[in-house]
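Trainee: Spelled out, the chains give:
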Amino acid sequence: MSQLPSDATQQNQAKIPDPTSAASAIRDSNSFGKNLRRTLAIARNAFREAVRDRVLYNLVLFVLLLIGGSIFLGELSAGQESKIIVDLGLSAMLLFGAFIAIFVGVGLVYKEIERRTLYAILSKPISRGQFLLGKYLGLGLTLLINVAIMGVGVSLALIYIHRGWDPLVPKVWPAILLIYFELMILTGVALLFSSFSSPALSALMTFFIFIIGHFSGDLKSLANSSSSVAARALFRALYYLLPNLTHYSLITPTAHGTVPDASAVGLAAAYTIVYSSVLLAAATLILGRRNFK
Amino acid sequence: MPIIEIQNLTKDYEVGFWRKRKVRALDGLSLDVERGQIFGFLGANGAGKTTTLKLLMRLIFPTGGSARILGHDISDVSMHAQIGYLPENPYFYDYLTAREFLNYCGELFGGNNIKARTQELLTRVNLDQRSWDRQLRKFSKGMLQRVGLAQALVNDPEIVFLDEPMSGLDPVGRREVRDLIASLRNEGKTVFMCSHILSDIEVLCDNVAILKGGRVAHAGSLNDLRARETSAIEVIATDADANALKGSLSIDADVTTTPSGIRIQVTDEREVDAAIAALRKVNGKLVSVQPVRQSLEELFM
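Residue numbers (the working numbering), protein chains in the order written: chain A, 136 to 428; chain B, 98 to 398.
Everything hinted at is true.
With a Cα cut of at most 27 Å, we get these calculated BS3-like pairs of lysine-lysine: (1) B:Lys382 <-> B:Lys343; (2) B:Lys238 <-> A:Lys246; (3) A:Lys246 <-> A:Lys428; (4) A:Lys169 <-> B:Lys212; (5) B:Lys378 <-> B:Lys343; (6) B:Lys117 <-> A:Lys246; (7) B:Lys119 <-> A:Lys428; (8) B:Lys235 <-> B:Lys212.
Bear in mind the hints are in silico, worked out from the structure with no lab data behind them.
Using the sequences provided together with the hints, build the complete structure.
Mentor: Shown next as structure tokens:
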């Protein structure tokens, strides 16, 4: 056993000049496929970090909440159990998800700069944009798994309450998908702030945008009804600049059994992709100019 | 063609929040490094060594000047596929094990056969096999330094940039890392290492540049630098009185009393004769005549 390292070292030294060795296989070429694999490697690592930081432990809390809710609230409102489970489950899903998106999101880049782990990464053939995209996708994967498990939890709770198949079960999933889209926008916002600001400030700003985004319609009516030109311009600018999150929260209609149609979900998906792309591009622009002292 | 060409590289940092002042960290650095050598980049703390490396790695951007590595401008990130970098005081993801971290680094190059390469490298940097699957948060500074070296070699790079590779290592570790760096040269690789520890540079490097206040103060091969500075000769004598000796000296030389005897420092061979003549006059005994090798340390200051 003690001889193993030195033997292996000799072997390695003999191996290194060989062009077929593991080392030569690792470097070279910059094809699209390779760049994609690099980005996915960053994403996988961001996911692993979230898991090891015990982010998914929030699921335990969620399940407890759901069980508690099913038992107590169901008894209070006869015949309304399913509705309340959906309402409670999806609201908690949005809230927990928003917490993860904000608090993990604002640390994604900041932590790497602060702990200087970024130095070794950026000395590899990784562009800063690629790094950001990888981080975004990594947290996206974390949220996807989180939301999916919560969705299964809500579905099981519905089946349990109904003592059998509940017609609401398939109807909750489009709403869950929309919640996930909203969380992805929030992640993009957090990532953008995290590329230039401290975590506390980033978290606060992202939280404000989360709240304002839900009142996007009010911004528009304020812009239309305001008498001052300056205020009108301000509200209009905010309305167009900040994400419109009103289309994503269909929790109450879903609890009443209304399902959003496919085109609405498709439109929301498109909006998510476009808005997130803009956020990522802005974050890349900012991070791309930063000096890491 | 030089493998690293640095031309007039300048970096100003802005300090202060309201009233920004500029502090020049690097002042028109020009440097060429040839292939296949170990290049020592020396300087006191704050001389601009780390700034230079960060500029080359594109972690910070130059205020002026340019640099090329392997013929590519440093703004071309794809060139990073052929270089390795060990940051100063390396920090890595503390939630990963050594093996996971190296696999991750391999993935960032987008290669195959990553696991085999990880094993090769962890063995090569002599990291105890029992630590391979331990989280990096439990690693000592010396162990982290080894992991850092391993990650700098993941892609079998043409050039390896090392920022204080020996820091945090015990004497055995220093020796091992020194041997590792020497073995890189034997493989035809170029090593660019920053250090303020002169003995390491003296043992390893072919060429050095000494940086002072953001500028190159001396540059050249290690032997040239040493030769240039061997300008003094010391004559050691006993059984004589320092003051009497000083009085009988026909030249202006520095005479000091040391535990081993009286030390007369002269500047060239002709003055040695004068010193010996003076010594005879006061009936002193000659112990030795030897050139004073000014160490790199004196160039450093």
